[in-house]
Each structure stands twice: as C-alpha cells, then as structure tokens.
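Colleague: Sequence:
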Amino acid sequence: MTEFLTKTINAMNIPFIIRLAFDHKDDKNEDIMIGTYEKMNRYLEQIDIQYSPFRDNSLVSRFQRGDKQPLLNSDAFKSFYSKTVVVGELSNGSFEVYFNGAPTKLIKSWAIEQSFNKYLIPLFENDNVIGISLEGRGNAKFAVRPSTDFEWKIQTVLKDYNMRYGSISTAKIDSRTKYLEKDQMDAIQELAVVGNDLMDTDIWANVGIVAGTEKFTDLIQSSYLSGMLIDNEESIIFAEGVLNRHHNEKTLNLDKIREK
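Position 248 of the sequence shown, counted from 1, bears residue number 253 in the working numbering, the numbering being contiguous throughout.
Don't take every hint at face value.
[Said to hold, decoys possible] Simulated pairs of lysine-lysine, BS3-like, Cα-Cα distance not exceeding 27 Å:
1) LYS12 - LYS158
2) LYS44 - LYS83
3) LYS164 - LYS123
4) LYS220 - LYS177
5) LYS83 - LYS73
6) LYS33 - LYS12
7) LYS30 - LYS158
8) LYS123 - LYS30
9) LYS30 - LYS44
10) LYS33 - LYS44
11) LYS88 - LYS33
12) LYS12 - LYS30
13) LYS33 - LYS123
14) LYS44 - LYS164
15) LYS12 - LYS44
16) LYS88 - LYS73
By construction, these hints were calculated from the structure, which means they are not laboratory data.
Start from the sequences, fold in the hints, and give me the full structure.
Modeller: In structure tokens, the structure reads:
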C-alpha cells in the first residue's frame, strides 16, 4: 500500500512543502524523510543568507548598492538576471521582477528547483520512493519513478492535471486590485502555467497577471504556453499555445496537490 509523507520547512519567509510517495509502508520511510528535511533545511538557510534582499551582505543587497561582482562571480545570480532581461523583452516590460534593482522574485522558484534537484531526485536511489514533490507558495516541482504508473494530481475547477514530471506556477491578484479592476473584463484574476522549468513557469504566471488577457493570450500563442486562466469575463484553458475559451464565473482552486 502506497505511503505518503509530508514535511514543511519554513525558510525565506515562505513554507517549502516536501511530499514523498513510497511504494509501500516501511520503517525506513520516515528516516528518509527526516534526513531529506534536515539537509534541505540547512541548504535553504544558506540560500537565504546569500540572496535575501533584507541582509546587508547578501549578493542581492550588494548588487542593489551598485556592486557588479555578483554578476561576475555567481552563476545563480547571473541566471536570475539573464532571465529577467529575456522576460522583460518578451513581455514588453509587463513584469517587474526587481526589488530596488535586483531580481528577487525569481530567487524562491530557483531555490525550489535547486533543492528539488539536489535533495529529492537522488531519493530515487531508494527503490521504495516512487514520487517526489516540492512546493512553495504557488510554485511546485514534481517527478515520479519512470517504472511506476504513479502520478501527482493537481485539481482545479477548470482542469485536472496528472503530473509525472514538470512544474506548475500559479498567481492571482490581491483583493484590493480585484476590487479596483472589477469592471475591467480583461483583468486576469488567477492563472496557472505548466511546464518543465520552474523559473520559466513562475515568470510566465506573473507576467500574465500584470499583462491582462489580451496581451497574455498573444504571449501564450507565440511562446506555446500551457495552463489556465480566469479573468472577469471568461476562463481559458491553453495547451502548447492553443486557446480554449469558456464563459465562466468560477474561480481557480490550485491550493491542493493530491496524489492519484
């Protein structure tokens, strides 16, 4: 019988949720989870020290003060920065990922991606591990053992995703913005983007929120994106750039990840 274990790490001001699926119950499963939790917790603490915009000596804070060494010496920081340049061009400036001139909004999705690859992927060396997932405030990364038929299930009112590999990022407007834009039919309320790279899906989800339906559907088609959105007038499911529109008054519910 499949066993599911979940543990939460509070780091970088958000909860990182580790989910592991095991082929059968075993006393060693809890040891695997605890060991993974402890190593990942230490790793995320180091990322917070290095990249937090609220720490004076972090790479982000140094970059904000005009120090260009983070771009020269840190491959991770270089990756953040290069992606912000690309998405700025693709979105025509729709998405601002900076905090006082530094690309902080991508750090958390990068941290999930790095932690997933570093500490969860190696768990497949244990024959009993059949599914791994790491989630952090609207962003999640998944994988399953290739030889199993196990899938992670993401439930929404528009579409259920059975995830074996990949990433999903969600974004929604806050209540104040929702009130101010209640008469704008083009204003996107909530959306989700599905893909392979978590930083990419995170970027596109946030681009969509600020771009609005008309601009974002053009980007969906030109960039072959997959996911779903709801604005003040309609809902749209999109797959590899193809749009499927519906008049819909419901809202997305992407808060729960369930196992199938």
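Colleague: State for each hint whether it applies.
Modeller: Evaluated hints:
1. Note on LYS12 and LYS158: the hinted pairing holds, with a Cα-Cα distance of about 18 Å set against a maximum of 27 Å.
2. With a CA separation close to 25 Å, the supplied pair LYS44 and LYS83 stays within the 27 Å bound.
3. Taken as a hint, the LYS164 and LYS123 pair is broken in the structure, with Cα atoms around 31 Å apart against an allowance of 27 Å.
4. For the given pair, LYS220 sits about 17 Å from LYS177 by alpha-carbon distance, which is consistent with the 27 Å threshold.
5. Distance check on the hinted pair: LYS83 and LYS73 sit about 10 Å apart at the alpha-carbon level, within 27 Å; holds.
6. A C-alpha spacing of about 16 Å is found between LYS33 and LYS12, which places the hinted pair at or below 27 Å, so the restraint holds.
7. Of the supplied pair hints, the one linking LYS30 and LYS158 holds, its CA atoms being roughly 21 Å apart against a limit of 27 Å.
8. A C-alpha spacing of about 25 Å is found between LYS123 and LYS30, which places the hinted pair at or below 27 Å, so the restraint holds.
9. Among the hinted pairs, LYS30 with LYS44 is consistent with the structure: their alpha-carbon atoms are about 23 Å apart, no more than 27 Å.
10. Of the supplied pair hints, the one linking LYS33 and LYS44 holds, its CA atoms being roughly 17 Å apart against a limit of 27 Å.
11. This hinted pair does not check out: LYS88 and LYS33 have alpha carbons roughly 40 Å apart, beyond 27 Å.
12. Between LYS12 and LYS30 the alpha-carbon distance is near 17 Å, which keeps this suggested pair within the 27 Å criterion.
13. At roughly 20 Å between alpha-carbon atoms, LYS33 and LYS123 fall within 27 Å of each other, so this suggested pair holds.
14. The suggested pairing of LYS44 with LYS164 is violated, with an alpha-carbon distance near 35 Å, which exceeds 27 Å.
15. Only pairs whose Cα atoms come within 27 Å are accepted, and LYS12 paired with LYS44 is accepted, the gap being roughly 13 Å.
16. Note on LYS88 and LYS73: the hinted pairing holds, with a Cα-Cα distance of about 17 Å set against a maximum of 27 Å.
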